[in-house]
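Number of protein chains: 2
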Amino acid sequence: MIAVVATIYGGVETGGTWCVCALGTGPQDLVALEKFPTTTPAETLGRIVAFFRAHAAPRAIGIGSFGPVDVDPRSPTWGSVTTTPKRGWQRTSVAPVIRDQLGVPVAFETDVAAAALGEQTWGAGREQPSLCYLTVGTGIGAGLLIGGRPLHGLVHPEVGHLRLPHDRERDPFPGACPVHGDCWEGLASGDAIAQRWNAWPPDLPDDHPAWALEAEYIALGILSIVCVASPHRVIAGGGVMERATLLPMVRERLRELIGGYLDAPVLHDLDRYLVAPALGDEAGVLGAIALAIGVASERDQGLPSSPTRRSGPSPRT
Amino acid sequence: MIAVVATIYGGVETGGTWCVCALGTGPQDLVALEKFPTTTPAETLGRIVAFFRAHAAPRAIGIGSFGPVDVDPRSPTWGSVTTTPKRGWQRTSVAPVIRDQLGVPVAFETDVAAAALGEQTWGAGREQPSLCYLTVGTGIGAGLLIGGRPLHGLVHPEVGHLRLPHDRERDPFPGACPVHGDCWEGLASGDAIAQRWNAWPPDLPDDHPAWALEAEYIALGILSIVCVASPHRVIAGGGVMERATLLPMVRERLRELIGGYLDAPVLHDLDRYLVAPALGDEAGVLGAIALAIGVASERDQGLPSSPTRRSGPSPRT
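Top line first, the protein sequences correspond to chains A and B. All residue numbers for the first sequence refer to my numbering, where the first residue is 1 and numbers rise by one. All residue numbers for the second sequence refer to my numbering, where the first residue is 1 and numbers rise by one.
Derived from the structure by calculation, the hints contain no laboratory data. Glycine is no exception: its CB is placed at the ideal position from the N, C-alpha and C atoms. A few of these clues could be false.
What the hints assert, rightly or not - Only part of the chain A face toward chain B is listed, based on derived beta-carbon distances under 10 angstroms:
{"hint": "1", "residue": "Val49"}
{"hint": "2", "residue": "Pro68"}
{"hint": "3", "residue": "Cys132"}
{"hint": "4", "residue": "Pro165"}
{"hint": "5", "residue": "His166"}
{"hint": "6", "residue": "Arg170"}
{"hint": "7", "residue": "His180"}
{"hint": "8", "residue": "Leu220"}
{"hint": "9", "residue": "Pro231"}
{"hint": "10", "residue": "His232"}
{"hint": "11", "residue": "Arg243"}
{"hint": "12", "residue": "Leu247"}
{"hint": "13", "residue": "Met249"}
{"hint": "14", "residue": "Tyr273"}
{"hint": "15", "residue": "Val275"}
Go ahead and model the full structure; you've got the sequences and the hints to work with.
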């Protein structure tokens, strides 16, 4: 058993490629941060546990994981990765292992929900009652916060597998998703861009037709998120969005797609509605720290100690 | 001033065509119900007020309105219809008029959010932590409940204006939406079916190709709702869904579209996931009564008396 220091929190982002561990209370107060490749579950979970054992033990740990994951606190497989294509990680328990080995309360979310929480707490989503954090990188995913809580339902948002209009005359590429072909991720992820143009996205010049097509698909996907969940702000991150000329193109196309129908002043000023992340690569691990602060606060208030109490549905009043 | 009887609640559904008023505490206990055409705002609101004045005054009134509506309790135009195409109803205050003329607390929601609440309280959505009530009729709309509360964000769900794959070889119809052309509603509402086939939908036989196409579009739209909000159950109502052969076709196509990717047992048994309403035409007005019960309960508990306290975002914990 390691000593518990009450005011330090742990954050873990287990990404598909990299794993990040941090200790602290926020972006201005990180006492340790370590990044290492996500390899096998045993090795990766071992390094996470070792990171925390090497430092002061946190009051609680938040985990944001690549998915799909089981975030249902009533489920016997809560805290695990489920049907991922990532080799060796199918049906892998993550949160219970960390909780049991370190003996601290643990909160568990998708990596994108954690990033949304990080941006809401310290970044581009402050003071927004609801929020979508979208990542367009190797894949496409989104975390939604409603009233400060990650939206869970039957599973969690899987926006990458939305089906969108695909004009095969303009874009004959059949799509890169092994399951669905031309779903959103199959058309617009970094992998899809690379396969379609046979080039690494950062190597495509700003005036390459790839970018207008990409703006089309990203705008269509964001429109779906707006029509269903109507978040107060959308933060678009991920490697593909690092192309500086892309976000303004997406805004312009989204404006056309909305067509003046949705009646909210901010939708007439998409510069404020659809924004870049403020925390960069650290949104996920910082959001994981925010999750840890939340779960510790609930324990302190004596609320029921389900593993992810803060992320369960709010009670019916 | 009229006498207040503590245990009776009022429900109002202001639909685009019909308005329904009811008094009672639930489907087994309706003491009065009246239905009349939705005409001008002045006449319609006058009849609503007259209905309640003619009976014992309710403890509170819930209103489910056709939209788009302003459901933001912090907004100066809370409780009004906003950009509707319905003649005479643009920017019409509804809830404040009823509240002020009858002097009782009022809750205000979209008609589909009210229907979702009715089905969750007494119908096909019982015990579901989250729920989508979809209506496919003259238009297409959806109400989403998360943890028992209607989902609001910047506005409210506007699923009718989703953009979906539209194979113009299979379906050359350009779409019926005056703003967006071939959005979901433009392709799949009752009006779209009527325009495409030049026939009233109830007159099309079960083996007409209209129904396979309709199943395609409804499944694609539901897939969007599942990928973004992941509700625990989808209830599909509205006039078009009354075609008994349609729902099984939608389930079959939805199963294909999911492709086994989303990992939840109920998605392998879509008969339990995608269901018909249990309350029929009365879901909306019963849900409005549930809204009234909710707002009265909050008043009794001394919670802050914003006009729709029950439907605001849950507090960040």
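Hey, does the A:His166 contact hint survive, CB to chain B under 10 angstroms?
Holds. Min distance 6 angstroms.
Restraint check, 10 angstroms cut-off on beta carbons, for A:Pro231 near chain B:
holds, 5 angstroms
Let's test the interface hint: is any C-beta of chain B closer than 10 angstroms to that of A:His180?
For A:His180, the interface hint holds, since the closest Cβ of chain B sits about 6 angstroms away, which is under 10 angstroms.
Next item in the hint list is A:Leu247. Is there a CB on chain B closer than 10 angstroms to its CB?
violated, 19 angstroms
Hint status (Cβ of A:Pro68 to nearest Cβ of chain B, threshold 10 angstroms)
holds, 6 angstroms
Hold the hint about A:Pro165 up to the distance rule: shortest CB distance to chain B must be less than 10 angstroms.
Result: holds, 5 angstroms to nearest chain B Cβ.
Less than 10 angstroms between beta-carbons is the criterion; does A:Cys132 satisfy it with respect to chain B?
Cβ of A:Cys132 sits 9 angstroms from chain B, so the hint holds.
With 10 angstroms as the cut and Cβ atoms as the points, is A:Val49 at the interface with chain B?
violated, 27 angstroms
Could you check if A:Arg170 really has its C-beta closer than 10 angstroms to a C-beta on chain B?
violated, 13 angstroms
Hinted contact A:His232 with chain B - closest CB pair below 10 angstroms
holds, 5 angstroms
Hint validity - A:Met249 Cβ closer than 10 angstroms to any chain B Cβ:
violated, 17 angstroms
When the least beta-carbon distance from A:Val275 to chain B is tested against 10 angstroms, hint result
Violated, about 14 angstroms.
The structure shown violates the earlier hints numbered 1, 6, 11, 12, 13, 15.
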